[in-house]
Every structure is written in C-alpha cells, then in structure tokens.
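Student: So the chains spell out like this:
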Amino acid sequence: MSADERDAFLGVLLADSSIWAEPSATLEDAVVQAVVAAPPALHLTTADEHPPQRTKSRRRSTMAVVAVAAAVAVILGASFALRHTTRPDFTAQLASTTLAPRAHASVGITEQRAGFRVELRAHDLPVLRTGEFYEAWLADNMHTLVPIGTFSSSKGTVTLWSGVSPREYSVVSVTVQAAGGIPGSSGHVVLKGLVRAR
Amino acid sequence: MDAATLEAFRRRDPEAVRALYREYGRLVYAIAHRVLGRRDLAEDATQQTFVRAWQAAERLDSGRDPGAWLATIAKRTAIDIARHEGRRTASALDDVTATDPAVVTAAPELATLDAIWQVRRAIDELPEDEAAIVRLQHLEGMTHAQIAERLQIAVGTVKSRSHRAHGKLAHLLRQFQEPVA
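Residue numbers (this note's numbering), protein chains in the order written: chain A, 10 to 207; chain B, -1 to 179.
Be careful, since some hints might not be right.
Stated by the list, open to error - Which chain B residues face chain A? A few, computed with CB under 8 Å, are given here:
| id | residue |
| --- | --- |
| 1 | 15 |
| 2 | 24 |
| 3 | 41 |
| 4 | 52 |
| 5 | 62 |
| 6 | 113 |
| 7 | 117 |
| 8 | 118 |
| 9 | 119 |
| 10 | 121 |
| 11 | 169 |
| 12 | 171 |
Hints are computed from structural coordinates only; laboratory data are not their basis. Note that beta-carbon positions come from the ideal geometry of N, C-alpha and C, so glycine has one too.
Here chain A stands alone, though its shape is the one from the complex (with noise of 0.2 Å):
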C-alpha cells in the first residue's frame, strides 16, 4: 500500500461514524453483570440449540395466523365504513411479517394539492425500545424507496405525507428503524402491502 493510498484509506476510516460511536454509560454494568452471572461453559444463543422454543413458535406462529385473519375481517369492515366517509384515493391493507406477527394495519392516501396524505392506522405493533422508530415508505417497481416519515406510536392513527405518487410507488412498507443507525430502510419490516386504486 502506498503512502497516498493509505492516507486515503485512513480518510475513509477516520470518517467512519463507528470509530467514532461511544457505548452508552449503563453499558459498564452491564457488562460486569452479564459476565459474573454467566454460566461457565459457553453459551450460543442460536435456534438450532432450543427446540422446545421452536415448538412454541410454531403454536404462536399459528395463533398469530388465527389472530390476523380475525384481524383482516375486521379491517375488511372497518375499510368499508371508510369508504362511505372519508373516501381517499388509493387504499393498501399492510400485512403483517414475522418480526411482528400480531401487527396489521390500514391506509387511505389522499391526493392534495400540497402532495399525497397518508393515514395509516396501525394495530398490535410491538413496543420499541429506547432509540427505535417506525419508518413508512413508498416504493416502485424498481425498489427504490421514498421515506413518507416515522412514527413511534404501536397502534392509532398517524398521518404522514408523500410527495411521489402511490400510481408509480405502490409498495408501502413499515420498518423498526435505530436512531444514529445506518441511512435508508433498516431491512426489519414489520408491516407491507400494496397499495390500489380506488
């Protein structure tokens, strides 16, 4: 490596937010705690080494199905009663995923003269923990993604506003973001559907 490469190369190090970042200041104690009560023998936290967790994800997995159909009949009527009140242009019923099997959630879209206004009532989305956010997105056929804002909320109604059209981005799509995290969709999705034209 030469003299300029690794000037360039410590550049790019030294502009690493994570040669910056700094643990918080519980992180000491617990580290002191996590170690004097851990057993001695290593301890892999995988699923391969806790079947009968398995068999309970599977019994969960299954009522969750129960639960969500439950849920999707009720959204169903819930939507119709919409329609004859608040009319919005486009509707999407966003399913749930397995990171958060209980969650479902509806969405009217407006077209306004300021852009697209995005009610989104959520149910059953799991509480977040400290520095987590949700993020609502749009996105098109090509994937790309445009953020239509973050809410912490788990359940009720949010309005968020999109300045793209739900015509050409017709994914919507919710996902547990971290504060001072990595930039763009965090990949944990927790909430997806597509969105139609009323």
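Based on the hints, put chain B in the right spot on chain A.
Tutor: Frame of chain A; chain B shown alone:
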C-alpha cells in the same frame, strides 16, 4: 493490562471485569457498531463479547496483551449477531412481494474490522483536544476555520493540533504501510 488483572478476570472478579471493559470496551463497541450499524445491537454484541471472553478465559495468555484476542471474539460475536438478524429479516421477507424494498446490509470485511480496531485504539491514544479536531475534520468534514469557530480557538491552534494529531496517527498506524490482510 497487567497479569494480575487478567488472572482476576478469570476468577470473575467484578473489578477486573470492569477494568478490562474500561480498557477495551470502546474498541469492542466500535467493531460491533461497524458490523451491526445499530446502537442496541452493538451494545448486545459488546456484552456478549465479554461474556464469551470470560467463558474462554482459560485460553487467555495472561502474559500478553489481550487486545487481539478480544478483537477476534468481538468480530465473531458481532458477525454472529448480524447473521442472526439477517436470518430474522430473511425469514420475515420470505413472503414479501418482489417489489418490497427491504434491504439487508452485508457485514464488512474482516480486514476493515481489524483496521477499525487499530484506528480506534490510535485515536484513544490522542489527547482529547487533538482527537476532537480529528473527529471534526474527518467525521464532520469541517475546515480548519470551521473547527476554530466551533471550538472557539485560533485557526493556528487548530492547524498545529491537527498536524500533531495526524503525525501521531501516522506513527501509531504505520502498519498500514503494509498491505492490510
């Protein structure tokens, strides 16, 4: 880190654990943060790294600096967590349409993680006032004049501290003159 402290760490002496964390905790965290990109996961990885280090403490040579050994555990632990998170994400996306925009970030190369560890360690060797200038210059992309204004010091002081800091970094990181492998 002296041999007595490392021996005490093997005995799970809380004060020795604390001493090891204070010496290497931020280095471990920097690697974990680079791999995982999330503060909460990075802290989990840091905690797991020290637990795994203690669980493997019989392999620790108390006569040598444990830095490289801890760095190896930190990299493996963070990559394990990244893979686990990746599996969670992948399974979550199994039933997602082709147009869904989820993105999974690949883990950085091991050589980069080694460099992160070494650079972070070199920065920790700098006096605080010099480290602050390097940080503003590289992380925030500020000019000497902007740094002077931010820190309320003369531009000449910024230049001299920056020059001194970069000289120390060049010396501490002289191993980058050789290919990083």
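Student: Against this structure, judge whether each hint is valid.
Tutor: Now the hints, each set against the structure:
1. 15: holds, 5 Å
2. 24: This interface hint holds because 7 Å falls under the 8 Å limit.
3. 41: holds, 5 Å
4. 52: holds, 5 Å
5. 62: violated, 20 Å
6. 113: Holds: closest Cβ of chain A sits about 6 Å from residue 113 of chain B, inside 8 Å.
7. 117: Given a least distance of 5 Å, the restraint on residue 117 of chain B holds.
8. 118: For residue 118 of chain B, the interface hint holds, since the closest Cβ of chain A sits about 5 Å away, which is under 8 Å.
9. 119: violated, 10 Å
10. 121: holds, 7 Å
11. 169: It is violated, given that the least Cβ distance between residue 169 of chain B and chain A is near 12 Å, above 8 Å.
12. 171: Holds. Min distance 6 Å.
Checked against the numbered hints given earlier, this structure breaks hints 5, 9 and 11; the rest are met.
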